[in-house]
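Same order as they appear, the protein sequences are chains A and B. Every number in my numbering is 3 more than the matching position in the first sequence, counting from 1. Every number in my numbering is 5 more than the matching position in the second sequence, counting from 1.
Keep in mind the hints are simulated off the structure, nothing from the lab. Glycine residues also receive a C-beta, built at the ideal position from the N, C-alpha and C atoms. Heads up, some of the hints might be wrong.
Said to hold, decoys possible - Covered by chain B, per the in silico footprint, the following chain A stretches (three or more residues, Cβ under 8 Å):
hint: 1; segment: 103 to 111
hint: 2; segment: 151 to 159
hint: 3; segment: 219 to 230
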Amino acid sequence: MATKARGKASGKKSSETRMIPIYIMGKKYEVPETLTILTAMEYAGYRHIRGCGCRGGICGACATVYRLSGDHRLKFGLACQTVVAPDMYLAQIPFVPANKAIYDIEKLTPDINGIGRIYPDLYRCLACNTCSKACPMGISVMDYVQALLKGDIAGCARLSHSCTMCGICALRCPAELQQFHMAMLARRLYGRYLQPRARHLEQRVKQIKEGKFDSMMDEIMSLSNDELKQRYARREWEPESYENPDWQPEETKYLILD
Amino acid sequence: MAEGQASGYPPELKKFIRAVEKTRPERLARVKANQHFPRLTREEGEKVLKSYHPDYRPGGRRRLKVGANKGEILADEVADLLESYSRIDPDAFDDRLKKPDYETDVLILGGGGAGAVAALFARQNGLRVVIATKLRHGDSNTIMAEGGIQAADRPADSPYYHYLDTMGGGHFTNNPRLVKALTMDAPLIIQWLEDLGVMFDKDNEGNMIELKGGGICRRRMHSSADMIGAEIMRVQRDEIRNHPEEIQVLEFSPAVELLIDETKAVSGAVLYNLETSEYSVVKAKAVIMATGGFGRLHIQGFPTTNHYGATGDGLALAYRAGVPLVNMRYAQYHPTGTVFPEQNFGLLITEKVRTLGAQFINAHGREFAHPLEPRDIASSCIIRECTEKNSGVVAPTGHYGVWLDTPMIDLLRGKGTVEKELSAKYLQFKRYGIDISTEPIIVYPTLHYQNGGLEIDEWGATRISGLFAAGEVTGGIHGDNRLMGNSLLDIHVFGRRVGVKVSEFIKAVKKGNRLSLGHVRSYHAGLIKTGVKTKRVAPILLPDYVRRSAPVYPHKS
Ligand SMILES: Cc1cc2nc3c(=O)[nH]c(=O)nc-3n(C[C@H](O)[C@H](O)[C@H](O)COP(=O)(O)OP(=O)(O)OC[C@H]3O[C@@H](n4cnc5c(N)ncnc54)[C@H](O)[C@@H]3O)c2cc1C
Ligand code: SF4
Ligand code: SF4
Ligand code: FES
């Protein structure tokens with residue numbers, strides 16, 4: 004039944020889909036209006052080598068620039084996420100030249116001096132906000148650059164967390180900053196030095212190295228398949244933390260509670 | 006905001022949404038009272054699997070005619086890949102092989118997570134590394150991972166439970182030694198990532214904020230909002246670029262064949278420059294296969310969550326060289342692929358959405374499965390709902406699915422949770438005018454993971470001397486079905502192990518000097534002898550989407 008519903012509706016779709024004109028690198032093509040720039044290019048017969056990766060808005064490979072007919076503004080986006088519009092003039096940006104600094108994360112300190120020395124162009128920011136307007140992830144790029152200038156590495160790390168490193172901000176910046184590389188460094192410094200370390204993790208690594216789980220693993224690996232299945236079926240389930248944050252398991256034989 | 010997009014759900018779907026909204030208060034009250042939809046028992050689970058899981062049903066498969074797994078029944082798409090000819094003519098290459106274009110200690114094929122971790126550890130152990138990768142460095146399934154990475158590091162948990170969950174999730178077909186390595190190394194790996202500067206979700210004291218996933222009995226999932234893969238991959242890529250002297254990365258240079266020397270050991274590979282169409286020869290003392298999975302083969306006609314280059318290349322290359330495949334019968338269909346909007350068709354809705362409280366709801370507004378069943382079972386339940394029970398929701402594109410009731414999340418965990426914990430998903434739908442914190446999503450299973458692959462031992466060594474493997478290209482760790490968060494874990498655990506082992510191997514084993522493609526000649530001869538008549542070549546490198554409208558993959562049934 005459901006298959007039929009699908010067949011019927013699919014049939015309907017093809018007759019209803021409107022074709023619209025777009026211009027890829029100046030050449031005109033008619034494509035269905037529901038496509039993204041990425042699939043529209045494929046529809047038009049292009050095969051992507053560069054300019055395509057995850058097809059899902061996270062890898063930053065498909066930076067694209069376009070202009071709508073009659074609109075003076077140059078627009079930027081991710082080709083795999085942006086839907087085509089009539090009379091869209093578009094081009095792909097297959098590569099963004101940028102310089103990543105080389106450093107030893109273990110020898111850095113999480114402060115403005117560390118970052119300022121490695122990326123001195125930081126100080127050139129004009130606070131014009133061009134970068135934020137272009138970012139396809141809606142990141143306040145200028146704000147994270149300004150946070151860095153104030154030495155607020157944690158702020159920069161948090162603000163830039165969803166950066167795809169597509170490079171559009173750097174292409175637009177009149178002061179020629181390479182914002183996304185600075186943010187990368189800030190996030191690493193934050194993760195390594197500013198976020199407190201997980202003590203339970205440290206403890207567990209120590210216990211494993213001391214061999215405290217070895218006998219449990221030996222035991223479970225020596226079980227017959229049937230015994231293993233029984234233990235699997237009898238597992239005690241921890242509730243989600245919003246249900247009972249203070250939950251304690253009844254079976255403690257296979258835990259190390261020290 | 007995307008251009009030219011009429012925003013949000015069309016009226017016919019809004020009508021359906023009302024049915025979901027109607028039952029929501031009551032469902033919310035039940036969850037708050039800790040009353041959940043009952044999980045299926047193992048027997049019940051097996052029953053739905055047998056009737057509705059795409060790979061348990063007959064059809065879409067055939068008996069393989071060549072190589073180490075000859076006689077085994079595999080998906081047609083995989084059999085097609087294996088029963089095919091090399092892209093290159095071995096005879097035309099003999100001269101080229103005498104003068105390699107690159108020489109290195111270790112050649113890593115694939116620049117995703119497994120390749121990156123192997124490279125960093127091989128370097129640490131004093132090796133020179135070349136990474137050859139098909140697209141850009143980092144363009145991979147790893148960068149797309151959303152939900153989290155498992156490790157038993159809380160006091161109420163232990164590797165013992167992690168082991169048990171993993172074996173059960175895989176229907177007890179996993180290789181126990183690999184599962185032991187996976188679960189015992191897990192905390193070590195999370196700590197290594199912390200040292201590299203990965204931003205994990207933590208509370209103010211530094212405790213990891215951990216959640217559950219399908220089929221796991223303890224909270225064990227470490228995350229970085231809903232983009233743990235991107236977070237990890239960009240850190241690793243950054244770290245690799247801090248060592249340009251020792252690690253060289255060749256982008257847009259997929260491997261098209263392995264090379265074998267006179268001692269029968271793998272000693273390099275032929276690469277293909279996707280942009281200039283030229284070949285190059287790399288000679289190496291060992292090769293690590295880290296080419297990832299096969300989602301873009303669209304097994305059984307399903308859409309996929311995978312990245313553009315996931316065409317199963319490593320399977321074809323290593324199989325030709327004689328490495329057997331294990332656990333290849335069942336692919337993983339993730340229960341929650343996007344159905345609407347069409348532009349995101351097939352893309353993943355992370356399991357974390359259900360971990361946080363979203364439920365499966367049918368067209369009549371009724372919950373029909375526990376939100377955290379193992380993936381294969383959850384997928385089968387959705388397929389049953391949409392076929393036999395005829396309770397699916399039909400999107401304007403004609404594709405059907407069920408509701409994933411995301412507004413439950415903010416109601417359970419506080420306003421703003423969706424925007425904070427699922428920031429990437431939130432934005433992905435917001436672009437099309439859908440606010441997933443107040444409106445549910447339509448989902449249907451989508452091809453997600455390879456499950457099986459190259460046979461390896463607990464140090465990532467294959468049966469062929471000189472050839473190691475790590476990551477999604479390998480099999481045995483997850484048995485017939487992988488649990489959420491165990492794959493990001495496996496690429497690290499085995500990436501590290503392989504990086505360490507390969508340096509021992511290079512020191513201990515004396516290798517030959519003459520590179521050859523003899524194994525390709527024999528494989529071709531085998532194809533001819535067994536009567537496989539085909540013009541297919543493998544690896545296929547990039548899927549062919551040219552001149553196809555929005556990717557619509559009808560479901561073979
Ligand atoms: C959308 C999505 C979400 C996921 N979420 C999670 C999650 O939350 N938790 C979890 O544990 N797992 C998750 N997974 C699974 C997990 O991300 C992958 O299984 C894992 O990252 C695979 O890593 P890999 O290094 O083996 O392969 P990949 O990361 O895919 O890397 C393979 C690399 O090999 C390259 N390559 C391919 N062919 C060739 C060739 N012929 N020559 C050279 N290079 C080649 C590719 O270009 C790529 O760079 C998710 C997967 C997807 C797709
Ligand atoms: S901050 Fe810059 S590099 Fe990052 S996503 Fe935005 S535009 Fe792209
Ligand atoms: S575009 Fe450049 S100069 Fe302008 S705010 Fe952004 S970083 Fe500063
Ligand atoms: S292809 Fe990855 S962001 Fe578009």
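Three residues minimum, CB to CB under 8 Å: does the segment 103 to 111 of chain A make the cut for coverage by chain B? Let me know. holds (count 5)
Cβ contact check, 8 Å cutoff: the segment 151 to 159 of chain A against chain B, three residues minimum: violated (count 0)
Please count how many residues of the segment 219 to 230 of chain A have a CB within 8 Å of a CB from chain B and say whether that reaches 3. Since three or more residues must qualify, the claim that chain B covers the segment 219 to 230 of chain A holds, with 5 doing so at under 8 Å.
Comparing the model with each numbered hint stated earlier shows that hint 2 is the single one that does not hold.
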